[in-house]
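Start from the sequences, fold in the hints, and give me the full structure.
Residue numbers (full-length UniProt numbering), protein chains in the order written: chain A, 1 to 313; chain B, 1 to 453.
The set of hints was computed from the structure by calculation and includes no laboratory data. Treat the hints with caution; some may be incorrect.
Here are the computed distance ranges between Cβ atoms for each label pair [as the list claims (entries may be wrong)]: (1) B:Gln243 with A:Ala230: 52 to 60 Å; (2) A:Tyr58 with B:Gln384: 57 to 65 Å; (3) A:Ala54 with B:Lys249: 43 to 51 Å; (4) B:Val77 with A:Val133: 17 to 25 Å; (5) B:Ala246 with A:Leu48: 49 to 57 Å; (6) A:Tyr51 with B:Val77: 25 to 33 Å; (7) B:Gly272 with A:Val96: 29 to 37 Å; (8) A:Tyr58 with B:Gly141: 26 to 34 Å; (9) A:Phe79 with B:Ala59: 50 to 58 Å; (10) B:Val77 with A:Ala209: 32 to 40 Å; (11) A:Val96 with B:Gln80: 39 to 47 Å.
Just so it is clear, the structure is predicted and the values come from calculations on it, not from any experiment. Note that beta-carbon positions come from the ideal geometry of N, C-alpha and C, so glycine has one too.
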Amino acid sequence: MVADGSHATGGMASRGRGRANAMQRFARRRSTIAFLMTLPLLSIIVGLVAYPAAYAIYLSTLNRRMTAFAGTLNFELLFESDTFWMVAFQSCFFAVTAVLLKASIGFWLAHMLHHIPDKGQRKWRGMLLVPWVIPPALSTLGWWWMFDPSYSSINWLLSVISVPEVPWLGHHWWARIAIIMVNVWIGAPFFMIMYLAALKSVPEQLYEAAMIDGASSFQRLRYVTLPMMANIISITVLFSLIVTFANYDIVRVLTNGGPRDLTHVFASYAFQVGILSGNIPRGAAVSLFMFPILALCAFFVLRSVTRRNKEQM
Amino acid sequence: MAFDRMTRRDVLRATALTTAAGATLSAPAVHAQATTTLRCGFWDHWVPAGNGAMRELCAEWGEKNRVNVQVDFITSVGNQNLLTIAAQAQSRSGHDILSFPTWEPAAKYDLLEPLDDVMGRLTAKYGPVNAAAEYLGKIRGKWVAIPAVSGTQMKPACVRFDLLQEHAGIDIRAMWPASNTRGPGADTWNWDTFLVAAEKCHAAGVPFGIPMGSFTDAVDAVGAIMASFGASMMDRDGKVTVQGNAKLKTAVEYLVKLSRFLPNDVWAWDDGANNRALISGRSALVFNPPSAWAVAKRDAPQVAEKCWTVPVPAGPEGRFTPYLPYFWGIWAFSRNKGPAKQLLEFLSERSSAEKQTNTSNGYDIPPFVSMNNFEVWAKEGPPQGTVYNYPLREHHNATASIAMAPAPAEFAVQAYQQALNTKVVARIAQGGETIDQSLDWLHRELTNIVRGG
Chain A
1 MVADGSHATG
11 GMASRGRGRA
21 NAMQRFARRR
31 STIAFLMTLP
41 LLSIIVGLVA
51 YPAAYAIYLS
61 TLNRRMTAFA
71 GTLNFELLFE
81 SDTFWMVAFQ
91 SCFFAVTAVL
101 LKASIGFWLA
111 HMLHHIPDKG
121 QRKWRGMLLV
131 PWVIPPALST
141 LGWWWMFDPS
151 YSSINWLLSV
161 ISVPEVPWLG
171 HHWWARIAII
181 MVNVWIGAPF
191 FMIMYLAALK
201 SVPEQLYEAA
211 MIDGASSFQR
221 LRYVTLPMMA
231 NIISITVLFS
241 LIVTFANYDI
251 VRVLTNGGPR
261 DLTHVFASYA
271 FQVGILSGNI
281 PRGAAVSLFM
291 FPILALCAFF
301 VLRSVTRRNK
311 EQM
Chain B
1 MAFDRMTRRD
11 VLRATALTTA
21 AGATLSAPAV
31 HAQATTTLRC
41 GFWDHWVPAG
51 NGAMRELCAE
61 WGEKNRVNVQ
71 VDFITSVGNQ
81 NLLTIAAQAQ
91 SRSGHDILSF
101 PTWEPAAKYD
111 LLEPLDDVMG
121 RLTAKYGPVN
131 AAAEYLGKIR
141 GKWVAIPAVS
151 GTQMKPACVR
161 FDLLQEHAGI
171 DIRAMWPASN
181 TRGPGADTWN
191 WDTFLVAAEK
201 CHAAGVPFGI
211 PMGSFTDAVD
221 AVGAIMASFG
231 ASMMDRDGKV
241 TVQGNAKLKT
251 AVEYLVKLSR
261 FLPNDVWAWD
271 DGANNRALIS
281 GRSALVFNPP
291 SAWAVAKRDA
301 PQVAEKCWTV
311 PVPAGPEGRF
321 TPYLPYFWGI
331 WAFSRNKGPA
341 KQLLEFLSER
351 SSAEKQTNTS
361 NGYDIPPFVS
371 MNNFEVWAKE
381 GPPQGTVYNY
391 PLREHHNATA
401 SIAMAPAPAE
411 FAVQAYQQAL
421 NTKVVARIAQ
431 GGETIDQSLD
441 WLHRELTNIV
451 RGG
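Rendered as structure tokens:
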């Protein structure tokens, strides 16, 4: 094998059979073999990611009947629509608030669990993971029953302690809060389990050293735990941001975007415009707006992860 | 041997004869063997027995015509039927016949087989269909789908006659008896009377349950009220008619007034909320097909026996009843258009329509005006005759209405699905905007829809 490893096979045997032709040399190159071995994965990515994305871009450039090229008309019309800008604001507000809450609650839960002895920890871990394991459409339906405009069980409980009824789904701010609450309830266990795994990998010696240096518990958190968990926090936040941004089922089940479109997010609005209203190109244009926002987030998060890795090397 | 004496010409002749005979015998839907398979995707009925009726009718027709009819029932829960239609339209493959919800024939008209011949024969036999069905199914002068029986509904008023009598002093059963006559006071059953009754029932703690959110019951009810005031947002040429539209302004003002006497959470109601309000005894009136009454009959019989279905109140421009039809269409890419047309014609015949309506306890409404006299509506109860006035009858002097008409269907569907008519009211009553601000917003949204083509 040559020193740079560019060929997978070589040596006396191949030389004994005479000089390999160009095709054989090409087939023996490590890069060729690597390419062939990654081909199944590449074809899955092309088929399930690249093609649908390219098709969505193509669709967004068509007219409503999908019979003629319309250029950027769909995007121009969205820019002119009050409703669309409202949806853009709500999507960002929903995703950012929900992810921050999920990360904070997940972090707190992970810490609590980390300090429980192993035997009891398993039970708590199992119980706390339940919201994440139940199919979201099903659990959201349960929440909807609790928020039901007329027969809310939460309101019934509040009335027991003489708290006035809350219009959970009827008033836009309460409806937004309700949607975020359900998303946090479903998503926080994911953060918890990721952070718990990260916490367990922090060497105990670092805490011991910090304690010897007289670090308070907050300082241990600030200067030991957080730096050691920074990468996992970043990646988890990015992952959750992507999933939360594209969330559809919670809004669809709880509010259907109402009242007055004030709880629509990109996915639910794209479905309403594209499938329900029979304007698939406009719906595709709506859904494509998520892409640049998420790409920007991914760029900054991944850059900071890479930078930290380099610093640690 | 005989075979030895055969010439090349004999062999060719025999082959030709065999081929011709084979082709004749295997001709689809003609001879004894069922060689044609017709794939149908019908709407999965809410009334469980509704699917059974469709299956039986298809089997009966298939047996008679030697066609193997495969029936799938596609639910509208989670918009599964819309997703199926979109997927089949994109892939140009799937069922031969499909049930299309209200706006889908207009959205997919260029992918649907014209059915003027079938509709021609049916209208010659049974007379015209109602105006809303024609508006939705006849696109650019061609019938692209047949107004279906199964799944089609009206949304007249389902009234708790005891509560209306007690709190508003209206004897609704005397006004609209279970016969083809108007009772005393029927002429006063208009939106002004309705508003007064709404206020009284609201004060008595049994407000009318009219949703004002973005689901179809809300859009349909508000659409019918607007139509009865002569208010439209767009004309049939696609011109937005919001600015300076006095009738629209009057209708919106009326709706804002009415909304004050509705439960304060109607802005978040879905299509089941009004049913629950009626069944739980917390509402004196809803606009709904008999499904709310049917569920009450099962779950709260003491409520059901006090329900009475009556026409929608009239406005200055007439009486308009919300109508939400299904259609049966044949894809243009279907390979079995002939048998598919025959089956649809059979399903639309009076006997088939009556079977569907009977099986669904009177829920399914045939599109032909002449079929609005099936016995089931007179017999159903308790109380007997409670749904007599569910279909449009001549003495109602009512028109079937679909919200956003007469706008071209391709624009109307977008305005309908985005519930622009309820939002224009909600922006004022709930959002605190002035009527002019709200109408300006409506104008911008509609203009945006029209610009998109």
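These are the hints, each one checked on the structure:
no., hint, in the structure
1, B:Gln243 with A:Ala230: 52 to 60 Å, "holds, 57 Å"
2, A:Tyr58 with B:Gln384: 57 to 65 Å, "holds, 59 Å"
3, A:Ala54 with B:Lys249: 43 to 51 Å, "holds, 47 Å"
4, B:Val77 with A:Val133: 17 to 25 Å, "holds, 23 Å"
5, B:Ala246 with A:Leu48: 49 to 57 Å, "holds, 55 Å"
6, A:Tyr51 with B:Val77: 25 to 33 Å, "holds, 30 Å"
7, B:Gly272 with A:Val96: 29 to 37 Å, "holds, 33 Å"
8, A:Tyr58 with B:Gly141: 26 to 34 Å, "holds, 32 Å"
9, A:Phe79 with B:Ala59: 50 to 58 Å, "holds, 54 Å"
10, B:Val77 with A:Ala209: 32 to 40 Å, "violated, 59 Å"
11, A:Val96 with B:Gln80: 39 to 47 Å, "violated, 32 Å"
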